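Chains as they are written, first to last, in our numbering: chain A, 1 to 463; chain B, 1 to 308.
Watch out, some of these pointers could steer you wrong.
Unchecked claim - As a list, the in silico BS3-like pairs of lysine-lysine whose alpha-carbon atoms are at most 30 Å apart: (1) B/K161 with A/K459; (2) A/K448 with A/K459; (3) A/K451 with B/K168; (4) B/K168 with A/K459; (5) B/K163 with B/K175; (6) A/K448 with B/K161; (7) B/K168 with B/K111; (8) B/K163 with A/K459; (9) B/K175 with A/K448; (10) B/K175 with A/K451; (11) B/K143 with A/K448; (12) A/K459 with B/K143; (13) B/K163 with A/K451; (14) B/K143 with A/K451; (15) A/K459 with B/K60; (16) A/K459 with B/K159; (17) A/K448 with B/K168; (18) A/K451 with B/K159; (19) B/K91 with B/K143; (20) B/K163 with A/K448; (21) B/K175 with A/K459; (22) A/K451 with B/K161.
Said to hold, decoys possible - A few chain B positions that, by computed beta-carbon distances, are all more than 12 Å from chain A: (23) T6; (24) T16; (25) N26; (26) T35; (27) P43; (28) E63; (29) G64; (30) D78; (31) T85; (32) A87; (33) E214; (34) N239; (35) T266; (36) I268; (37) R277; (38) A284.
It is worth saying that the hints were derived from the structure and are not from the lab. What you are looking at is a predicted structure, and each value in this text was computed from that prediction instead of being measured. Glycine included, every Cβ here is placed at the ideal spot set by N, Cα and C.
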Amino acid sequence: MQIQASKPVAAEPVSGGFDIMAAVKDAGFAALVTLGLSFPILAFRTQEDISNHLIVVPRWSWPITAAILVFVGRFAAILFRSRPRATRAPTLPKAPSASATFLIRYASWFGVAALIAFPMVMVAALGAGGSLKWINNYGIQILIYVMLGWGLNIVVGLSGLLDLGYVAFYAVGAYSYALLSTTFGLSFWICLPLAGLLAAFWGIILGFPVLRLRGDYLAIVTLAFGEIIRLVLINWTDLTNGYAGISSIPRATFFGVPFTDDDDGFAHLFGMDYSPIQRTIFLFYLILALALLTNAVTLRLRRLPVGRAWEALREDEIACRSLGINTTNTKLTAFALGAMFGGFAGSFFAVRQGFVSPESFTFIESATILAIVVLGGMGSQIGVALAAVLMIGGTEILRELDFLKAVFGRDFDPVQYRMLIFGAGMVLMMILKPRGIISTRTPSIFYKEQKAISGSLVKEGHG
Amino acid sequence: MSSWQTDPLLVVEHLTMRFGGLVAVNNLSFSVGRTDITALIGPNGAGKTTVFNCVTGFYKPTEGRLALARQGIAAAPDVEHLTGTGARHGKSNSGNIYLLERMPGHEIADKARVARTFQNIRLFTGMTVLENLLVAQHNALMKASGYTVLGVLGIGGYKAKEKAAVAKAISWLDKIGLLDRADDPAGDLPYGDQRRLEIARAMCTDPILLCLDEPAAGLNPRESLELNALLRSIRNDHNTAVLLIEHDMSVVMEISDHVVVLDYGTKIADGTPQEIRNDPRVIAAYLGVEDEEVEEVEAEIDMAEKAS
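Using the sequences and the hints given, assemble the complete structure.
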């Protein structure tokens, strides 16, 4: 008979059992860690006294409260987890059924219809004055980020190239329109394709040197390019007017008809009463059309050889080369097309604001757009749109939560907690849905039946 | 004269590959016959995969020439002339000649029509089986879609070309018995099916030379038999020469017309399976002999060769 070195397995009760001592020990340890961590941060507060000297005010109750809270929370968590798990089915990665895929498809058409009706419904419900905020701050702002997210989705989501400097192309588009319209007096409709072309051109210029890089290295170099473009905009004062930016950019017109109260203005031409909301509604439909164009082109490209090559590149670059795919060109087209849509969005940004300055194109913008793509589920168009609504709309909604002041006091401003909530949301996302909101991939072509592909099989790319 | 000498598809001459101080392949010359299944065998670390990577453009050889003649024969004077011009490939009186050592990897697959599979399977796991086979037809479809421009606008005959590409993919799936799994992700297939799918994917590029890196690795005996039939059919029905690395001697001896044996980066034998089976050098390399016996054995081999 063999002697088995058996360890007692008593520490983990099999089912139903609850070891109270172990739970107290675990929770006590967590509380101790909290005490140690929070002590230097929470236990002291510096204050100015009457003679303007800094004095240290101890507040011992704070770290102790934090420790007690953690103890109770940890204890409750262990209690909850030790319950029998018969009701909880094992969570295997499972692709959604065909009916779920269909629901998603119909949801997108429903969403488009709702978006078209959105400004009208808002004006009818809240009047011209009250609806401005909703159409402008929510509608247009979110749609800009949806479009940027869809543009970056080509590079990051489909081709698997991690680009941390996407905002550079947004800036190129915005400055293209600002400079072309103020210097040469070109109209928005001429500048829009030019801005897209210029951004695509810069996409290729920046794409060339970084094509040999992969993963982290690619991310760092694209990050640097994003900053370089911003620094050039700041320092090339002759052209860009530096920090002061370019102001008095011609505003959007309805195909040449200005939104003014004049006799040849939009309102008079169509026999309506003048209201500033008309321009905003026009801008809303403009960005909606641009975003839908981005979506339509991307969806079409996915079904063309170039789109399949992008996704194949994300899956396995070496296999792509063995099949005769020119990986350099394929990466460049992804960079160029992603940049082009960024350029379109940039020129819309300029025509909407009437003012551009380098401050609008900082790294945090790139990070936000990338977060939208990752949060949405890499490669999924609907996921990206949902993530943009969540991230940008969520930030805006924080401004509305005035009732929280009644709870936390007058000085409480929820907007200040934006990044904290943002970070917490990201952590939750990592735990609950690590592959993004929509974590399945829809095949670009099918023989008999379209089946969604589970995210666990789809690769993220190596940069 | 053997078929690989009279009608060679690929002529490898003095191929040497060094990685720093390590000589992985040393002055290797051999030919691959146009209508042959050629096996490249040898003990682990002999440099077989390095040869493959040189042929398919993943490595640039340190020295040597790899001339492939897609049509006609790579006649020595023509190859010499082309080498002198510095071009990567060119037309000659005897056919199109491609100097693989000068071409980047994707061009070797696209222009010289050499396809390959990998030792560790490299399928696009997150794409469906059908999509895998369509990606393999990328270059033809790209042309059909007007390099994307016409395809986005919906102009031109892309739809018809895509249908033809799907039909080709389906016929291959039918051949390898995976038709009912066409819409499943490639990563979901069992190992043996993934091996066959990778071969089908390589065949969808319409290769003239198919390079297989250990196609029978991890297959059970029944799957090995199916593989033998598949490889024979590739050679007979699709006019594609096969160059394969294989450890499974039942596969090698069963199907190959020509065997090249490598050991420590040098060729130790080259001939028909029957010749290789009885070659004392090969037996020594495979079964191994004690270090002190090496010279003894080599002397014996030389004696035997002189005698015969």
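Now for the hints, and whether the structure bears them out:
Between B/K161 and A/K459 the alpha-carbon distance is near 29 Å, which keeps this suggested pair within the 30 Å criterion. Taken as a hint, the A/K448 and A/K459 pair is honoured in the structure, with Cα atoms around 24 Å apart against an allowance of 30 Å. Taking the CA atoms of A/K451 and B/K168, the gap is near 21 Å; set against the 30 Å cutoff, the hint holds. For the suggested pair B/K168 and A/K459, the alpha carbons sit about 27 Å apart, so the restraint of at most 30 Å is met.
For the hint pairing B/K163 with B/K175, the CA-to-CA distance comes to about 18 Å; that is within 30 Å, so the pair holds. Simply put, A/K448 and B/K161 have alpha-carbon atoms about 19 Å apart, close enough for the 30 Å limit, and the pair holds. Distance hint between B/K168 and B/K111 is fulfilled; the C-alpha atoms sit about 20 Å from each other, no more than 30 Å. Of the supplied pair hints, the one linking B/K163 and A/K459 holds, its CA atoms being roughly 28 Å apart against a limit of 30 Å.
At roughly 18 Å between alpha-carbon atoms, B/K175 and A/K448 fall within 30 Å of each other, so this suggested pair holds. About 23 Å separates the Cα atoms of B/K175 and A/K451, which keeps this hinted pair within 30 Å; it holds. For the proposed pair B/K143 and A/K448, the alpha carbon gap of about 26 Å is at most 30 Å, so the pair holds. For the suggested pair A/K459 and B/K143, the alpha carbons sit about 27 Å apart, so the restraint of at most 30 Å is met.
For the proposed pair B/K163 and A/K451, the alpha carbon gap of about 20 Å is at most 30 Å, so the pair holds. A threshold of 30 Å between alpha carbons decides the hint, and for B/K143 with A/K451 the separation of about 29 Å falls inside it, so the pair holds. With a C-alpha separation of about 29 Å, the suggested pair A/K459 and B/K60 falls inside the 30 Å cut-off, and the hint holds. With a C-alpha separation of about 29 Å, the suggested pairing of A/K459 with B/K159 holds against the 30 Å cut-off.
At roughly 16 Å between alpha-carbon atoms, A/K448 and B/K168 fall within 30 Å of each other, so this suggested pair holds. Distance restraint check for A/K451 and B/K159: the Cα-Cα separation of roughly 22 Å lies within the 30 Å cut-off, and the hinted pair is therefore satisfied. Note on B/K91 and B/K143: the hinted pairing holds, with a Cα-Cα distance of about 23 Å set against a maximum of 30 Å. Among the hinted pairs, B/K163 with A/K448 is consistent with the structure: their alpha-carbon atoms are about 14 Å apart, no more than 30 Å.
A hinted pair counts as satisfied when its Cα atoms are at most 30 Å apart, and B/K175 with A/K459 qualifies at roughly 28 Å. Between A/K451 and B/K161, the direct Cα distance comes to roughly 24 Å. Compliance with the 30 Å bound is thereby established for this hinted pair. Distance to chain A confirms B/T6 as a non-interface residue, since its nearest Cβ pair spans about 30 Å, more than 12 Å. Look at B/T16: its CB is around 23 Å from the nearest CB on chain A, clear of 12 Å, so calling it non-interface holds up.
Distance check on B/N26: its Cβ is at least 25 Å (rounded) from any Cβ of chain A, clearing the 12 Å threshold; non-interface status holds. Residue-level check passed: B/T35 sits 23 Å from the nearest beta carbon of chain A, beyond 12 Å. With a least beta-carbon separation of about 25 Å from chain A, B/P43 lies farther than 12 Å from that chain, consistent with its non-interface assignment. With a closest Cβ-Cβ approach of about 23 Å to chain A, B/E63 is found to remain outside the 12 Å limit, as its non-interface label requires.
No Cβ of chain A comes within 12 Å of the Cβ of B/G64; the nearest lies about 21 Å off, and the non-interface call holds. At roughly 25 Å from the closest C-beta of chain A, the C-beta of B/D78 stays outside 12 Å, upholding its exclusion from the interface. The Cβ of B/T85 lies farther than 12 Å from every Cβ of chain A, with a closest approach of about 24 Å, so its non-interface assignment holds. Every CB of chain A lies more than 12 Å from the CB of B/A87, the least distance being 19 Å, so the non-interface label holds.
With a least CB separation of 15 Å from chain A, B/E214 remains clear of the 12 Å interface cut-off, as annotated. Residue-level check passed: B/N239 sits 19 Å from the nearest beta carbon of chain A, beyond 12 Å. Residue placement check: B/T266 keeps its beta carbon more than 12 Å from all beta carbons of chain A (closest about 27 Å). The beta carbon of B/I268 sits about 29 Å from the closest Cβ of chain A, which is more than 12 Å, so the claim that it is off the interface holds.
For B/R277, the requirement that its beta carbon stay farther than 12 Å from each beta carbon of chain A is met, with the minimum near 32 Å. Distance to chain A confirms B/A284 as a non-interface residue, since its nearest Cβ pair spans about 35 Å, more than 12 Å.
Hint check: no violations occur; every hint is consistent with the structure.
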